[in-house]
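S.K.: If you want the building blocks of each chain, they are given just below.
Number of protein chains: 2
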Amino acid sequence: MEKFFDKWIAVDWGTSSFRAYLIENNDILGDVETNDGMKFVQNHNFEKTLVSLLEPWLDHKHKIEVLASGMVGSKQGWIEAPYQKAPCNLNNIEFISPSIKDNRFSLKIFSGILQSNKPDVMRGEETQIAGFLYDNPNFRGSICLPGTHSKWVQIENGNIVNFKTFMTGELFEIISKNSVLIHSVTSNKIKKIELKRAVDEIFKNPEFFGNALFQLRADDLINSKGSVIYKSKLSGYLLGLELLGSLEFWEKKDIVLIGNADLIEIYEYILHKKVNSIKLFLSKDMVLKGLKNFKNKL
Amino acid sequence: MEKFFDKWIAVDWGTSSFRAYLIENNDILGDVETNDGMKFVQNHNFEKTLVSLLEPWLDHKHKIEVLASGMVGSKQGWIEAPYQKAPCNLNNIEFISPSIKDNRFSLKIFSGILQSNKPDVMRGEETQIAGFLYDNPNFRGSICLPGTHSKWVQIENGNIVNFKTFMTGELFEIISKNSVLIHSVTSNKIKKIELKRAVDEIFKNPEFFGNALFQLRADDLINSKGSVIYKSKLSGYLLGLELLGSLEFWEKKDIVLIGNADLIEIYEYILHKKVNSIKLFLSKDMVLKGLKNFKNKL
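Chains as they are written, first to last, in our numbering: chain A, 1 to 298; chain B, 1 to 298.
Hints in this document: simulated from the structure, not taken from any laboratory.
Hints are not guaranteed to be accurate.
Note that identical chains are pooled: a pair holds if it fits in a single copy or bridges any two copies.
[What the hints assert, rightly or not] Subject to a maximum C-alpha distance of 25 Å in a straight line, what follows is the list of computed DMTMM-like cross-link-like pairs (lysine to aspartate or glutamate):
no.	residue 1	residue 2
1	Lys253	Glu173
2	Lys63	Glu265
3	Lys85	Asp220
4	Lys118	Glu47
5	Lys252	Glu24
6	Lys118	Asp219
7	Lys118	Glu207
8	Lys196	Asp135
9	Lys252	Asp59
10	Lys118	Glu201
11	Lys85	Asp219
12	Lys75	Glu265
13	Lys39	Glu173
14	Lys279	Asp102
15	Lys191	Asp31
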């Protein structure tokens, strides 16, 4: 078999970004990262967008396999890859193949996961989880994927047992940009000690949250302590709310954080003394490993 | 004294709306209501805007007194009417008079109230409270003014003793319009029984709030119960958070609700069994009475 056939393309196609890797065996031969997120694709031109982004890696002699996951497989995406029901194992994740006009590649879009008892969904995170489980098949504990929609996921015997989503990142963004706090949280720095204090405050007195947000604005009007303080506190209040609601996932547990470097560092700083053990991984590494894992199981 | 001199103009000039009344003794001779809120006034053209709106009521023979309150007196408004410090009495509320070119009227803009120990501010609500106290000078209990920034205010001996603001209305708006829930809360109806259930849920388990918002979206994706349900629950979760944080203001207390008709009716529905007594007033009536009250004390 010609070596060329071992090449394949891994695609992480989320709501607001696109990332692809050309892979041969375990080597990354090339990669591309753009802002062509699912939501920016006009007139449902998904194939056209994908071809333009992967063009340098396509040729007419050898059909190449493209494996994708993320929001591209949602109802608003290219084609809906039906959710798989949790509890579930990631070793037999399903996929869907949209019809493709270009005959230089085939495409499989992997499913997201759905939980029906306490309604929840994920799409893209399951791939990162599969990436972590690729090297750690016997992990028992919780995986946290902080971000726009933070997920806490309980793992046992390679299964997703239970999970919960928190709109922490999205609330932080819309409150910062669209509420009266816009004037008070202009800084893009975070002071970790202030953030931690705010987390602890909500953790001890969750009833304070309702008033806490407006108090930031009022404190700024009265005392002008600077927007780093208010931004750090806002982050802390929202993170406090998440940690309060995810207690069963981390208290005295082994936990794994998968996300971007800044975010997982903050979560580690807040959680390291409260949990049994903590390990950090970058989401872009885990997506790639996850797609490799899915490919191996095909 | 010519009767004409008893005429004056009451102005409620908020962030997003403008309301004015021409008053003689206790009669309203005319009123105007527009969307010329403080934030829509271009290039600081406050005098020009005011003159154009009041033009029919102005004449060169008699200078008329205009009394205003609301966000027009904020830093972002016409001129900053410095806050008065709570605890405070509304019988000696201060005002500021911007310099006016037009000699057909004079203008007084009343101060807002500031609380420094638990940082909070109000601007406009103090006028509504003064309106209620005009007829109820001996009220002892709490006044709630639901809205974009809901206020809970403790009243004793005609004084504002203590107050707390909750961004309930603003959070409801930005979550409905700017988050992933946009797809699930399109209805503009509320089902009160669902709202009440959601209030009770947060009240019993505040730690649920973090996950509750995303759960609405997931439930819609999985079970499609209709956006009336999700909108009602979103309202309920946010109101639950407010009631949790304002417990000291209403539990076993006499309370007064001042707001728009729909909103105070919802608050009454949720609170009537939990409080000692409850009375409802429309904010537009209370603003007018409040300005009359301020005028009498000048």
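S.K.: Going through the earlier hints one by one, which of them does the structure break, listed in rising order?
M.R.: Hint check: 1, 2, 4, 5, 8, 9, 12, 14 and 15 fail, others pass.
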